[in-house]
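Student: Listed here are the chains, written in short residue letters.
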Amino acid sequence: MLEIKDLHGGFEGTEIIKGVDLSIKKGEVHAIMGPNGSGKSTLSKILAGHPEYEVTGGSVTYEGKNLLEMEPETRALEGIFMGFQYPVEIPGVNNSEFLRMAYNARLLYKDPEAEEIDPLDFDEILDQKMKLVEMDHKYKERFLNDGFSGGEKKKNEILQMAILEPKLAILDETDSGLDIDALKAVSQGINRLISGENAVILITHYQRLLEYIQPHFVHVMSAGKIVKSGEKDLALQLEAQGYDWLTAPAN
Amino acid sequence: MSTATEETTQAESAFLELHKRRQQSTQAPEAVKELNQTGIQRFELLKFPHSKHEMFTYARTAETVGTPYALAGSDEVSEEFVESAAYTVCEKTRLVLVNGFLSEGLSNTEGLNGVAVSGLSDAMAQGEIRDYLSAGAENENDVFASLNAAFFSEGLFIDVPANTAMKSPIMILYVSTGGEKPEASFPRLLVRVGRGAEVQFIVKFVGPGENYLVDAVQDFILEENSSVGLTQIQADPENSRHFCKTRVRQKKDSRFNLIGALSGARLARDHFECRLQEPGAEMSMKGVTVLCNEEQAHRFIRIHHEAPHCVSEQNFKNVINDRGRSSIDGTVIVNQGAQLTRSDQLINNLMLSDGAHADGKPNLMIYADDVKCTHGNTVGQIDGDQLFYLQTRGLSREAAKSLLTTSFAQSIIESIPFPEAIADLNGTLLKKLEAKNG
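Quick mapping for you: the protein sequence lines, in order, are chains L and P.
To convert, count from 1 in the first sequence and add 5; that's the working numbering.
To convert, count from 1 in the second sequence and add 3; that's the working numbering.
Treat the hints loosely; a few may be bogus.
[As the list claims (entries may be wrong)] Now the in silico label distances, taken between C-beta atoms and shown as ranges:
1. L:G247 - P:N366: 49 to 57 Å
2. L:E146 - P:G430: 20 to 28 Å
3. L:E59 - P:D386: 14 to 22 Å
4. P:Y370 - L:E129: 40 to 48 Å
5. L:I199 - P:E241: 40 to 48 Å
6. P:R345 - L:T66: 55 to 63 Å
[Said to hold, decoys possible] Mimicking DMTMM-like on lysine to aspartate or glutamate, the simulated pairs with C-alpha atoms at most 25 Å apart in a straight line are:
7. L:K145 - P:E276
8. P:K404 - L:E33
9. P:K404 - L:E76
10. L:K230 - L:E33
11. P:K254 - P:E276
12. P:K434 - L:E121
13. P:K404 - L:E83
It is worth saying that the hints were derived from the structure and are not from the lab.
These numbers were taken from a predicted model, which means no experiment stands behind them.
Glycine included, every Cβ here is placed at the ideal spot set by N, Cα and C.
Please take these sequences and the hints and turn them into a complete structure.
Tutor: This is the structure:
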């Protein structure tokens with residue numbers, strides 16, 4: 006599904022990603038862990054197409070196409086979802102109307118002849134999906150993320166993922182800053198969305214998230230590279246020993 | 004010392020001459036004529052602003068005052084025009100002023116339920132009202148408001164009795180007809196809201212014509228524990244000149260909530276002055292401005308905290324495209340003794356073009372020591388992070404830009420309590436942006 010080969014890139018002329026290789030297949034859950042500043046978030050921004058991040062080398066192929074040539078919206082419409090570490094607040098944009106716009110954009114991309122969904126029908130879908138992430142209905146009519154607590158913002162990200170039904174979800178530190186209840190609700194939501202038909206990349210700083218979501222593979226990033234890959238046990242080892250035993254030689 | 008300030012300019016002479024001719028022919032009642040005389044004397048003292056006048060730092064008035072005007076009369080306006088501008092929620096509570104003159108045919112007062120409407124001259128039979136108006140004219144600091152005092156003929160007085168709870172909002176539609184040659188009109192409104200009364204007003208400025216000057220003055224007197232909502236929409240055509248001064252006086256525990264929309268004009272200037280005179284009074288003011296082409300809209304705001312435990316909140320959002328110019332000059336004055344004042348003021352400008360211009364001058368003058376006041380002013384373009392966020396959800400760059408621009412303005416518009424007014428502004432004010440984006 007996603008093939009990253011020797012990817013180099015960064016921000017404002019500084020190379021942060023220094024040769025990442027990663028292969029992700031349908032049905033897989035990958036966790037990317039690593040200390041602060043190791044390049045995890047930069048990798049996710051490059052994959053989502055943030056205009057301020059530049060690619061200086063390597064390739065990313067998504068379902069046989071060159072991902073790096075696509076506009077951010079095309080990547081989204083092709084089925085990639087980016088869950089933000091810091092979801093953006095947009096006062097003035099009604100949450101449910103925004104979700105419907107995003108849903109319709111996807112619908113019309115798949116089939117230009119399709120009709121936009123009826124607002125009432127969409128409301129039903131929204132109700133179901135909100136239940137999935139245990140989100141209070143009052144957030145439907147609020148402005149997008151405006152004044153939401155940290156937990157509600159992250160739930161809203163997972164709600165968007167539930168509505169857009171991506172083929173590949175890249176969740177950037179979805180767990181950071183959450184208390185245990187919110188973490189449980191968010192993880193449960195993600196678990197319900199994982200199927201054999203899609204793939205998930207969990208970017209996290211903490212092993213805690215992996216108590217709730219079982220990854221098939223764990224990768225450790227350090228200084229812009231993946232320095233170690235393994236299975237779930239690797240996360241436990243990281244929790245016990247920290248990152249130093251991996252990062253020291255890389256430096 | 005320069006003698007320039009002593010001289011009467013050509014523009015001032017033209018208005019003085021216009022006034023002289025008008026005083027000879029006007030049918031205005033004696034009480035009004037007396038006030039007109041006070042007004043013109045004040046005008047002679049104040050004079051039109053020079054370019055460094057502190058009240059007109061950003062609004063350049065030379066073109067406006069240099070234009071020769073005829074006085075607009077009580078012209079005919081079609082019912083269709085009024086219907087298209089008015090809201091059905093005010094079908095039976097509608098007052099239409101054409102060039103400042105109340106049109107009984109176009110107004111409908113069936114639903115006013117005890118709210119008294121009369122000409123200002125009738126109201127001036129009450130000593131209290133007469134004193135209030137003459138003190139206002141004598142101490143006027145805004146030259147355009149002094150012109151209004153000098154030229155208004157009739158005026159409108161709305162008296163809301165104590166403990167009235169109005170279900171329907173009262174709409175005041177100011178229609179300016181304009182003419183082939185520039186015309187000036189001077190609408191005047193006085194509203195007194197009795198103790199414990201609750202009422203909503205919708206004020207809207209429109210004109211079927213162009214090339215006019217509308218120079219209005221409004222007074223709102225809020226008695227103890229009364230509550231007033233005011234939605235004010237400036238929708239004059241692009242080629243007009245619009246001035247409006249609104250004065251608010253608030254007694255104990257009264258609440259005044261204003262939401263104002265400016266569509267701009269050749270020159271639009273909105274002067275708002277509020278005095279929180281007794282403890283517990285609260286006011287809030289929200290404003291939205293959308294400017295295109297060469298349009299200008301300027302706000303000049305003075306909020307006086309004269310008693311303890313009062314609250315004032317202000318929030319403005321301006322969207323400026325093309326070569327539009329906007330300014331907000333707003334000062335909150337907290338008098339000595341006005342302890343436990345709370346005051347917030349925030350101005351946000353969204354600039355859509357290189358030629359757009361925004362000035363913001365939020366200011367605080369505090370003479371008490373136990374207060375909580377904030378103020379801020381931001382000028383920015385469309386936020387890159389917001390744009391990217393929307394794109395990652397599948398919205399095209401253009402669609403995301405348009406959504407962000409309209410939502411910026413909508414966050415104010417949506418707080419208007421009348422769906423018709425929201426729809427109206429979405430269809431006019433926000434349409435201006437769509438046309439540009441498309």
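Student: Now look at each hint and say whether the structure bears it out.
Tutor: Here is what the structure says about each hint:
no., hint, verdict
1, L:G247 - P:N366: 49 to 57 Å, "holds (53 Å)"
2, L:E146 - P:G430: 20 to 28 Å, "holds (22 Å)"
3, L:E59 - P:D386: 14 to 22 Å, "holds (20 Å)"
4, P:Y370 - L:E129: 40 to 48 Å, "violated (58 Å)"
5, L:I199 - P:E241: 40 to 48 Å, "violated (56 Å)"
6, P:R345 - L:T66: 55 to 63 Å, "holds (58 Å)"
7, L:K145 - P:E276, "violated (38 Å)"
8, P:K404 - L:E33, "violated (35 Å)"
9, P:K404 - L:E76, "holds (15 Å)"
10, L:K230 - L:E33, "holds (21 Å)"
11, P:K254 - P:E276, "holds (15 Å)"
12, P:K434 - L:E121, "holds (22 Å)"
13, P:K404 - L:E83, "holds (21 Å)"
In the structure shown, a violation is registered for the earlier hints numbered 4, 5, 7 and 8, in ascending order.
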